[in-house]
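Engineer: Chains as they are written, first to last, in my numbering: chain A, 1 to 110; chain B, 111 to 226.
Warning: the hint list may mix true and false statements.
[Unchecked claim] Cβ-to-Cβ under 8 Å is the rule here; a few derived chain B residues that face chain A:
| # | residue |
| --- | --- |
| 1 | 130 |
| 2 | 159 |
| 3 | 203 |
| 4 | 208 |
| 5 | 210 |
| 6 | 215 |
| 7 | 219 |
If you're looking for bench data, these hints aren't it; they were derived computationally from the structure.
Even for Gly, the Cβ is constructed at its ideal location relative to N, Cα and C.
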Amino acid sequence: GQQLNQSPQSMFIQEGEDVSMNCTSSSIFNTWLWYKQDPGEGPVLLIALYKAGELTSNGRLTAQFGITRKDSFLNISASIPSDVGIYFCAGASNDYKLSFGAGTTVTVRA
Amino acid sequence: GAVVSQHPSRVICKSGTSVKIECRSLDFQATTMFWYRQFPKKSLMLMATSNEGSKATYEQGVEKDKFLINHASLTLSTLTVTSAHPEDSSFYICSARVSGGTDTQYFGPGTRLTVL
């Protein structure tokens, strides 16, 4: 599949700060997914979005499915050290395949 | 729920040998599973779609005779890297989609393959 445009590529943040990252695509997706991957591990699902305009929260995480179906953002509020990792967005199309963003590497300064 | 396991987590083999990696959905049935390869500091690259009871669908540029996929049951898919060479060394990750469910894919923990 195509690679989505994910930004920023990396960020250094202070503990307690809010974090925001987003993904855009030239194609429409049916589903937007956000994953977190720790070194040497597989991606872990954070939030799944199934409907255009949908805003979903999971603890300190909030994500939205863009109304055009071509974008999504993920917010992390009040970051803590364990938020360190690589965050990937992914979009699913009709054939169930996922297209991934290049990832956002988050490093938290204590 | 939606737990996917992979075995082995790490494997080191000699050049020319074959290696089998198993992917299991532990608490759900998965008609469709996916195999990915990930290079250091890169995103996931889809290799193939594994369909229970039928042949896998490979992405362009992936050699089907090199990477054999078998999906014999609704909870198990296997990837066999045949005649492995050092350039096959990589992190291989599988995912599974709940049968009859949404597009959401649940990922396994990955297998680190090192070919000497």
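Engineer: Could you run down the list of hints and mark each one as holding or not?
Structural biologist: For each hint, the structure was consulted:
no.	hint	result
1	130	violated (18 Å)
2	159	holds (7 Å)
3	203	holds (5 Å)
4	208	violated (11 Å)
5	210	violated (12 Å)
6	215	holds (6 Å)
7	219	holds (5 Å)
Of the numbered hints stated above, those contradicted by the structure are hints 1, 4, 5, listed in ascending order.
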